[in-house]
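> Spelled out, the chains give:
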Amino acid sequence: MTTFTKLSLTTTLVLSSFLMSGCATGGAGMVGASSNVKYGDAKAAETVTADFGSSDLQSTAETLTQSLLETRYIAKAKQPPKVRLRTVNNLTYEHIDTKAITDKIRIKLLKSGQVRFLADTANLNQVSAERDLTTTATTKTKMKAMTDSDYIITGNVRSIKKANDDVKDVYYNVSMELVDPQSGEILWADEKEIRKVTAKSSMGW
Amino acid sequence: MLPTKNILLSLALGSFLLLGMSGCAGKNQEHFIGKERVILKEHKSFQEGKFLKVAATFENEDDNEVEGMVYQIEWIDSRGIVVDQTAWKPFTIIGKQQIRVVDMASRPDVTDYRIVISTPNK
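Residue numbers (this note's numbering), protein chains in the order written: chain A, 1 to 205; chain B, 1001 to 1122.
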């Protein structure tokens, strides 16, 4: 093998290994650093479209949690009341995961230490299955009776949309209620209103 | 002489207590990212049951310019650690308009706060 052939073989090897490594390299602890994917602030105000978005979900959960914590049925309770989340109805024309709103409120309320939560209707099947398994598959034949809720939380999400050639206006209204299931009395109700305007011209910010 | 000294001491202690109770706003509780095109006119905190509540007023001092802004409140515990924060909340403020906001921490261990304001580049 001539020196020239050896040299071109080495060059080919070095080049091909460089090309094969591709763009997957990055800094320590990073892969694909040169791609277009970037991590952003999860709590940033998102204005990509006028649809119900992450900022609306977060601000709704914050406002309604603050309001709930101020109600005397929670703030002045001798011990944290037991609450069950019921369905929040989506009465808008778009898909909104209303459970994401109530789950976020539940997390915030649990962190506050002022409220205790019972398994909601979505989780109740899992709880029942576990109880059945305990009574059939283990020696424990008697189960403690499940506790009942002091209050339930329910609500609605509504929207009104209007548009002309230049402007699209969307109004969201998320309302929630705290209900005493014994008496059926509505003890607390509050709402979060959101208005989003999309202008077709380059106005705004 | 002794009673006068006691009165002065009580007055000093009283003033310290009042200062602490009013939750007086400090400059380290404000943080601007980028240009200060909107001003934080005033802010104060008070205890609402077990939770800290913050009231703040933003103002666009300009006559004509419409400004966009976002703000976030960082909730700080007694050790000075940020334990929670609000989502960034967006506003559009027209000239000379004031916007008043009230936010409450949802954790009882929050004792202090910092308001972070950002006005996007035009």
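Calculated directly from the structure, the hints in this document are not laboratory data.
Computed from a predicted structure; not experimentally measured.
For glycine and all other residues, C-beta sits at the position ideal for the given N, C-alpha and C.
Any given hint might turn out to be false.
In silico contact screen, one side only, chain A against chain B (beta carbon under 8 Å); selected entries [unchecked claim]:
(1) Lys43
(2) Ala45
(3) Val48
> If a hint holds in the structure, say so; if it does not, say that too.
Here is what the structure says about each hint:
Residue-level restraint check for Lys43 (chain A) holds (minimum Cβ-Cβ distance to chain B is 4 Å; threshold 8 Å). At its closest, the beta carbon of Ala45 (chain A) sits 4 Å from a beta carbon of chain B; the interface hint therefore holds under the 8 Å criterion. A distance limit of 8 Å between C-beta atoms decides the matter here; for Val48 (chain A) the minimum to chain B is near 13 Å, and the interface restraint is violated.
Hint 3 from the earlier list is the only one contradicted by this structure; the remaining hints agree with it.
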